[in-house]
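Build the full structure now, drawing on both the sequences and the hints.
The sequence shown begins at 0 in numbering that gives the first Met the number 0 and counts up one residue at a time.
Some hints here could point you the wrong way.
[Stated by the list, open to error] BS3-like cross-link-like pairs, simulated, lysine-lysine; straight-line CA separation at most 25 Å:
1. K6 to K48
2. K55 to K69
3. K55 to K67
4. K34 to K6
5. K55 to K6
6. K69 to K34
7. K48 to K34
Hint data in this document are derived by calculation from the structure and do not stem from the laboratory.
The structure displayed is predicted, hence computed values, not measured ones.
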Amino acid sequence: MDLDLRKAVLHNVSGNSADEIEATIVDAIQGGEEKTLPGLGVLFEVYWKNADESEKEDVLDVIEDGLKNK
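This is the structure:
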């Protein structure tokens, strides 16, 4: 069985509105299930590929700050 997780995640959220994507992200985080982490990774990859350098720096700063508080 050849399962391309990246394609499956992108297929499942393709055409979703920003509100629907946010609900997907919030649900995955609040659910706390390990199985949702790859999907969040795919969404982050989409963000990263489409962000400009300033946006990337901003998200890195937020992640760095968040990790300091853990």
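* Quick one, are K55 and K6 close enough, alpha carbons at most 25 Å? -> Holds. K55 to K6 sits at ~23 Å (cutoff 25 Å).
* To do: Decide if the proposed pair is consistent with the structure: K55 and K69, CA atoms, cutoff 25 Å inclusive.
  => With a Cα-Cα distance of about 21 Å, the restraint between K55 and K69 holds, given a limit of 25 Å.
* **25 Å limit on alpha-carbon distance, applied to hinted pair K48 and K34** => Cα-Cα ~23 Å, so holds.
* Given the hinted pair K55 and K67, is their alpha-carbon gap at most 25 Å? -> Between K55 and K67 the Cα gap is close to 18 Å, so the pair holds against 25 Å.
* Sort out whether K34 lies within 25 Å of K69, counting only the CA atoms. => holds (22 Å)
* Asked: Are the Cα atoms of K6 and K48 separated by 25 Å or less?
  -> Roughly 16 Å between the alpha carbons, so the hint for K6 and K48 holds.
* Given the hint that K34 pairs with K6, test it: the Cα-Cα distance must not exceed 25 Å. => Judged against 25 Å, a Cα distance of about 16 Å means the pair holds.
The earlier numbered hints are all upheld by this structure, with none contradicted.
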